[in-house]
Amino acid sequence: MPFIEIEGRTLHYQIRGTGFPVLLGHSYLWDSSMWEPQIEVLSRSFQVIAPDLWGHGRSASLPEGTRALGDLARHASRLLDALAIQQCAVVGLSIGGMWGAELALRDPSRVHTLIMMDTDLGAEPHANRTQYFQMLDTIEALGSIPSPMLDAIVQLFFRSGADPDAELPMSFRRALENFSASQLRESIVPLGRMIFERPDSVSDLAALDGGRTLLLCGAHDVARTPAETVRMAEIIGCQHVLIPEAGHISNLENPAFVTDTLLRWLTQQTGMLHRPD
1 MPFIEIEGRT LHYQIRGTGF PVLLGHSYLW DSSMWEPQIE VLSRSFQVIA PDLWGHGRSA
61 SLPEGTRALG DLARHASRLL DALAIQQCAV VGLSIGGMWG AELALRDPSR VHTLIMMDTD
121 LGAEPHANRT QYFQMLDTIE ALGSIPSPML DAIVQLFFRS GADPDAELPM SFRRALENFS
181 ASQLRESIVP LGRMIFERPD SVSDLAALDG GRTLLLCGAH DVARTPAETV RMAEIIGCQH
241 VLIPEAGHIS NLENPAFVTD TLLRWLTQQT GMLHRPD
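Numbering (my numbering), first residue to last: 1 to 277.
Hints in this document: simulated from the structure, not taken from any laboratory. Computed from a predicted structure; not experimentally measured. A portion of the hints provided could be inaccurate.
If you anchor each label on the Cβ, the simulated ranges turn out as follows [said to hold, decoys possible]:
1) Glu5 - Arg174: 28 to 34 angstroms
2) Thr225 - Pro37: 43 to 49 angstroms
3) Met149 - Ala207: 33 to 39 angstroms
4) Glu197 - Glu36: 30 to 36 angstroms
5) Gln268 - Val230: 21 to 27 angstroms
6) Gln155 - Gly19: 36 to 42 angstroms
7) Pro164 - Arg264: 18 to 24 angstroms
8) Glu5 - Leu242: 36 to 42 angstroms
9) Ala84 - Arg106: 31 to 37 angstroms
10) Pro146 - Ser33: 24 to 30 angstroms
All C-beta atoms, glycine included, are put in the ideal place defined by N, C-alpha and C.
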């Protein structure tokens, strides 16, 4: 598996397929393997690059001095530079959508098309922020995630009514249990604080090209609600799609729908690169 050193830390990424590059940003608390249903299909037509977020998967801990989502966007640019990729599509879910938007705003000539999934660039609602910071403080103090908190976290990622004992929620719970104390304290907790204390930058999204931006959201997402997606789409002036039978981790709860939507959008957008004026 390929690795790259960025700011003194080793970042792991997957790279598969050939064609127009597609950079995938996964959700907080997951890793690049989350995208496997989509990578399997998209890599038949595109070059797919899927990095592991710092402290997740096989990537090292969060580099010192990483304080904001813009720093994560800068790290993504470093990866693209190393791969000599001048233009790409970006698909980001949750925190992946947050830094993906930052990257598109900073370097619109590099990000030809942007797909944000189950994400929001607004400030975290105060009640949520207070609750999440209390959880992060507890995790930092313990060096582990206590069982009742595991129940609450898993519930946030899946649609209401999903069976918590089904394989997908249970595998996610096991992954959370397997985070080491150092992973939690050096990466998971500081990244969580970065996410939940983010400034309100929704108005900045008006600078995005609505014709090259698509928003997706699980129709039953409670962590990042469809209402947030609709608000961002109105500001950008872009299309949005609600994913049926899906919550926050929509690409795994309804993988066929998401994969088909991504494939059609990316094919259309990259086809436009080759159309005569």
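In this structure, is the beta-carbon distance linking Glu5 and Arg174 contained in 28 to 34 angstroms?
holds, 30 angstroms
Can you let me know if the beta-carbon spacing of Thr225 and Pro37 is within 43 to 49 angstroms?
Taking Cβ atoms as reference, Thr225 and Pro37 lie about 24 angstroms apart, which means the hint is violated.
Please test the hint of 30 to 36 angstroms on the beta carbon pair from Glu197 and Glu36.
For Glu197 and Glu36 the Cβ distance comes to about 31 angstroms; the hint holds.
Evaluate the given range 33 to 39 angstroms for the C-beta pair formed by Met149 and Ala207.
holds, 38 angstroms
Does the Cβ-Cβ separation between Pro146 and Ser33 fall within 24 to 30 angstroms?
Between Pro146 and Ser33, where Cβ atoms are some 25 angstroms apart, the hint holds.
Should the hint that Gln268 and Val230 are 21 to 27 angstroms apart at their CB atoms be regarded as holding?
holds, 22 angstroms
Outcome of range test on Cβ distance (Ala84, Arg106; 31 to 37 angstroms)
At 19 angstroms between Cβs, range violated.
Cβ distance range 18 to 24 angstroms for Pro164 and Arg264, holds or violated
The hint (18 to 24 angstroms, Cβ to Cβ) is violated, given that Pro164 and Arg264 are roughly 33 angstroms apart.
Given the hint of 36 to 42 angstroms, check if Gln155 and Gly19 actually sit that far apart at their C-beta atoms.
Because 38 angstroms falls inside the window, the suggested range holds.
That 36 to 42 angstroms hint for Glu5 and Leu242 (C-beta), does it hold up?
holds, 40 angstroms
When the structure is compared with the earlier hints, violations turn up for hints 2, 7, 9 and for no others.
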